[in-house]
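As they're listed, the protein sequences go chains A and B.
Note that the working numbering has the first sequence beginning at 2, numbered continuously upward.
Note that the working numbering has the second sequence beginning at 16, numbered continuously upward.
Hints listed in this document are in silico derivations from the structure and should not be mistaken for laboratory results.
Treat the hints with caution; some may be incorrect.
Looking from chain A toward chain B, a few residues come up when the C-beta cut is under 8 Å (computed) [stated by the list, open to error]: (1) Gly27; (2) Glu55; (3) Asn74; (4) Ser82.
Quick reminder that beta carbons are idealized off the backbone N, C-alpha and C, glycines included.
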Amino acid sequence: MTREEKDRIIKRAGELAGQYVPIYWGCGQSTFSAIVDALREGGIELCTKQDEDEMFKGLVGLSGGYGNMGIGNCGALVGSSFAISLFSGIGREEQLRDPDHRRIAYDNVAGTIGEKFLKEFGGLTCRDVTWKRFGKQYDSWDPEAKKEFARDEEERGCIGEEKCTQPMAARWATEYILELLENPLTLEKVKEKYGEVH
Amino acid sequence: MTQMEKAVQKARELATEYQGTLVGCGHCSFAATIDALRSVGIELVDERLENEMFKGLMGLTGGIGNMAYGTCGALTGAGFAVSLAVGIGRKELDEDKRNRWISYYHVREGLGKKWIEEYRGLTCRDTQIVNFGRAWNSRMPEMSKQLFDAAQKRGCRTPDACTIADAAAMAVETIIDMRENPRDLEYLKEKHEG
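Chain A with its partners taken away, still in its complex shape (with noise of 0.2 Å):
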């Protein structure tokens, strides 16, 4: 693949996370979809289409810093992650051969986007995220806070495809499975890391 192609991809989950956003209002669920249409599009097919709509759906509730709690993950680091791992593809066949495939999937998580949200964000809660970026933490479950939440992006311009961070992160997600793809992290590299842990 092509720089040019592998940007196209990047640029596209930026513009379907923007779109999606509005829409769909979760950032769990916006950024994972974004990152897999995306994919989709430029020819890569993490999952089906039909299968990307269930696992949406066991997004939507992680969203917002887990039940909009905010003190949980950031959900767009969620979609991410959870985009990342599967593209990892280690399932039960092949836990079951030798467990320390797992690690397969924490480090392509944690050394990519995990990694970029404590550098960019300094946590990598959902009001880590806003704490830095709004210079506010907001509880999504008090209905002044959450008006004023949707103010403050709005002022911003957060709704949208460039300063969202759910655009941001799913932007980050793919370049880092293109990556991933030409340079896939092996069993063998795993253990000579971490040795025989289990």
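With chain A fixed as given, assemble chain B onto it according to the hints.
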């Protein structure tokens, strides 16, 4: 035993078994929840799709890729199962984007709030601190080994003491309860002032 009691017991047993064979909190709490429900006749997804979701959840284990800073993986896998059971997808959000709050509500009430009561937070480190009085960075091989040894010593590999089993049991309870007592958007609007 009621259907609920049978499913909860099965979830605890499977979670403990899976932690020994499939290893890892996120995918194991999810698989234990789904398989326990299936054992009492509630099929949220078929086995093929369950395995695809398992692949996606694996990287969310251990507070995101074993980093421990993020949400406890057992809680993540359980929350994913609850949200899946609620079933708010693209179609439902197209109809009314506020439908997402139904998923949020069940994840928060059924799991999140209970976790905070027990662990004073949702992250992997919060959970480890309460369980062990310390938290380990499992991305470091020696620390990962120490955590596994501590879990063994604490008796975590039993259905009543395993955190993954607790999360799966909570998810099963939440899912069966919501099937028996469905809460729609109207209920939430009333409860949470619109």
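### Query
Which hints, by number, does the structure contradict?
Nothing - there is no hint that the structure violates, so all of them hold.
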